[in-house]
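S.K.: Could you build all of it, start to finish, from the sequences and the hints given here?
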Amino acid sequence: MSLFQVILVGIGGFFGAIARFSGSQVINKRITSSIPIATLSINLLGSFLLGLLFGMGINKSALLLLGTGFMGAFTTFSTFKLEGIQLHISQQKKAFLMYTTISYGGGILLAFLGLEIGRFL
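Residues in the sequence shown are numbered from 398 upward in steps of one, following our numbering.
Hints are computed from structural coordinates only; laboratory data are not their basis. It should be emphasised that the depicted structure is a prediction, and the values quoted were computed from it without experimental measurement. A couple of the hints might just be wrong.
Claimed, not checked - Estimated spans, in silico, between C-beta atoms of each pair: (1) N425 - H485: 16 to 22 Å; (2) S430 - F509: 21 to 27 Å; (3) L518 - S431: 33 to 39 Å; (4) K457 - N425: 31 to 37 Å; (5) A459 - L506: 22 to 28 Å; (6) I408 - K490: 38 to 44 Å; (7) A459 - T429: 35 to 41 Å; (8) K457 - Y501: 39 to 45 Å.
What the hints assert, rightly or not - The list that follows gives simulated cross-link-like pairs (lysine-lysine, PhoX-like), each with its CA atoms no further than 25 Å apart: (9) K491 - K426; (10) K491 - K478; (11) K426 - K478; (12) K490 - K478.
Using N, Cα and C, we set each Cβ at its ideal position, and we do this for glycine too.
M.R.: Here it is in structure tokens:
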């Protein structure tokens with residue numbers, strides 16, 4: 398791992414984290430839901446976009462910047478897990494099941510769709 402690669406991931410991560418925070422703020426101000434809709438929306442979008450990047454076959458440096466850096470910070474597995482646990486603890490079983498199913502199933506489906514669209518492009 399070179400210093401250049403670390404810098405690419407860091408720059409991507411910086412902008413990905415800002416985009417995630419900003420996107421979450423906008424979504425949460427506009428939509429109220431029993432499930433964590435901001436995290437869900439951002440993670441689903443990130444799954445699609447990461448699939449798209451891989452499908453397009455971008456070079457290693459761009460993949461480090463956009464895939465590992467930006468998408469790594471834009472999407473969040475830890476927040477998804479924490480919010481799922483919070484739904485479970487607060488006895489919101491239907492919301493928990495819906496959130497978990499849509500996150501996993503939708504994420505895989507959208508990553509596959511992005512991959513296929515990227516291959517087409």
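S.K.: What hints, given by number in increasing order, does this structure fail?
M.R.: Checked against the structure, the only hint that fails is number 8, while the rest are satisfied.
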